[in-house]
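A.B. asks: Read in the UniProt record's numbering, the sequence shown has 193 at position 193, and its numbers run on one by one without any break.
Keep in mind the hints are simulated off the structure, nothing from the lab.
Values in this document were obtained by computation on a predicted structure and should not be read as measured data.
Even glycine gets a Cβ: it sits at the ideal position worked out from N, Cα and C.
Keep in mind that the hints are not guaranteed to be accurate.
What the hints assert, rightly or not - Listed next, with one range per pair, are the computed distances between beta-carbon atoms:
#1 GLN37 to ARG110: 20 to 28 Å
#2 ARG63 to ARG110: 29 to 37 Å
#3 ARG163 to GLN98: 38 to 46 Å
#4 ALA168 to GLY91: 37 to 45 Å
#5 ALA40 to PRO190: 16 to 24 Å
#6 THR95 to LEU39: 31 to 39 Å
Unchecked claim - Derived DSS-like pairs: lysine-lysine, alpha-carbon spacing no greater than 27 Å straight-line:
#7 LYS22 to LYS160
#8 LYS191 to LYS81
#9 LYS30 to LYS13
#10 LYS81 to LYS22
#11 LYS138 to LYS13
#12 LYS138 to LYS22
#13 LYS191 to LYS30
#14 LYS81 to LYS30
#15 LYS160 to LYS30
#16 LYS160 to LYS138
#17 LYS160 to LYS13
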Amino acid sequence: MANSFMEQMAFPKGWLGSFILKGMNIGHRKLWEGTLQGLALPEEGRILDIGCGGGGMLHRLLREYPRLAADGLDVSETSVKESRRKNRCYGSRCTIAQGEATALPYEEGRFDLAVTTDSLYWWEDLARAFSEVHRVLKPDGRFVIGLEAIDPTDTTWSSKFERMIIHAPEEIVAYLEGAGFSDVRTDMFPKTRWVNGARFIARKAGRMEAASS
């Protein structure tokens, strides 16, 4: 039962998954705040939440930025349903789809900002996924990653989840730069008993930069 519950936290499914997603919409608020803190978010434009879970962060951003539009993506069918339910009040401003980070179902240059929080551990191919994020961002668009675990030697969480891979900060930075991102920055979160994480911010080159490279 315990293993089943932990697996549901990673890949929500059915009624139990829906219940867990509602809890995550509450429990992840501090992570969302830390991930977005101090960022100059676009007043309008379009953002992408990869691994959107129960849709809580999208709901918050769309409420705070009434001219913003957003897409959410998740591999879990249950997460897609819950996120759609959570954000149906925003109508056409919010679209949720099922899919994977390694094959984003969006055209090139669609988004001003892409964000993911605590889902990177289950991305199967970081090089391919980061290249996909780079592709769908507009020139000068940013990619922001928020993680509560960044020490591969700390098995507090990885021992509880099958297929969970914790990536070291230098590994994440290397993959971001390899995908073409620049101005990559790492901000460490305050360390607690349960959190040893960081935020990563990367930028896609602007049109003039791309033309001169």
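A.B. asks: When you check the alpha-carbon spacing of LYS191 and LYS81, does it fall within 27 Å?
C.D. replies: Violated, at roughly 33 Å.
A.B. asks: Does the alpha-carbon distance linking LYS138 and LYS22 stay inside the 27 Å limit?
C.D. replies: Not OK: LYS138 and LYS22 at ~32 Å, beyond 27 Å, violated.
A.B. asks: Looking only at beta-carbon atoms, does the pair THR95, LEU39 fall within the given range of 31 to 39 Å?
C.D. replies: violated, 22 Å
A.B. asks: For the hint 20 to 28 Å, verify it against the beta carbon of GLN37 and that of ARG110.
C.D. replies: holds, 25 Å
A.B. asks: Should the hint that ARG163 and GLN98 are 38 to 46 Å apart at their CB atoms be regarded as holding?
C.D. replies: With Cβ atoms ~19 Å apart, the hint is violated.
A.B. asks: Within a Cα-Cα threshold of 27 Å, do LYS160 and LYS13 meet the stated pairing?
C.D. replies: Roughly 18 Å separates the two Cα atoms, so the pair holds.
A.B. asks: Keeping to a limit of 27 Å between CA atoms, is the pair of LYS30 and LYS13 held or broken?
C.D. replies: holds, 24 Å
A.B. asks: Does LYS81 pair with LYS30 here, judged by a C-alpha cut-off of 27 Å?
C.D. replies: With a Cα-Cα distance of about 24 Å, the restraint between LYS81 and LYS30 holds, given a limit of 27 Å.
A.B. asks: Does 16 to 24 Å hold as the CB distance between ALA40 and PRO190, or does it fail?
C.D. replies: holds, 23 Å
A.B. asks: Assess, step by step, whether the Cα of LYS191 is no farther than 27 Å from the Cα of LYS30, and give holds or violated.
C.D. replies: Holds: LYS191 and LYS30 sit about 13 Å apart, inside 27 Å.
A.B. asks: Below or equal to 27 Å on CA atoms is what counts here, so check LYS81 against LYS22.
C.D. replies: Holds, because 12 Å separates the two Cα atoms, which is no more than 27 Å.
A.B. asks: Quick one: are ALA168 and GLY91 within 37 to 45 Å, going by C-beta?
C.D. replies: The hint (37 to 45 Å, Cβ to Cβ) holds, given that ALA168 and GLY91 are roughly 41 Å apart.
Checked against the numbered hints above, the structure breaks hints 2, 3, 6, 8, 11, 12, 16 and satisfies the rest.
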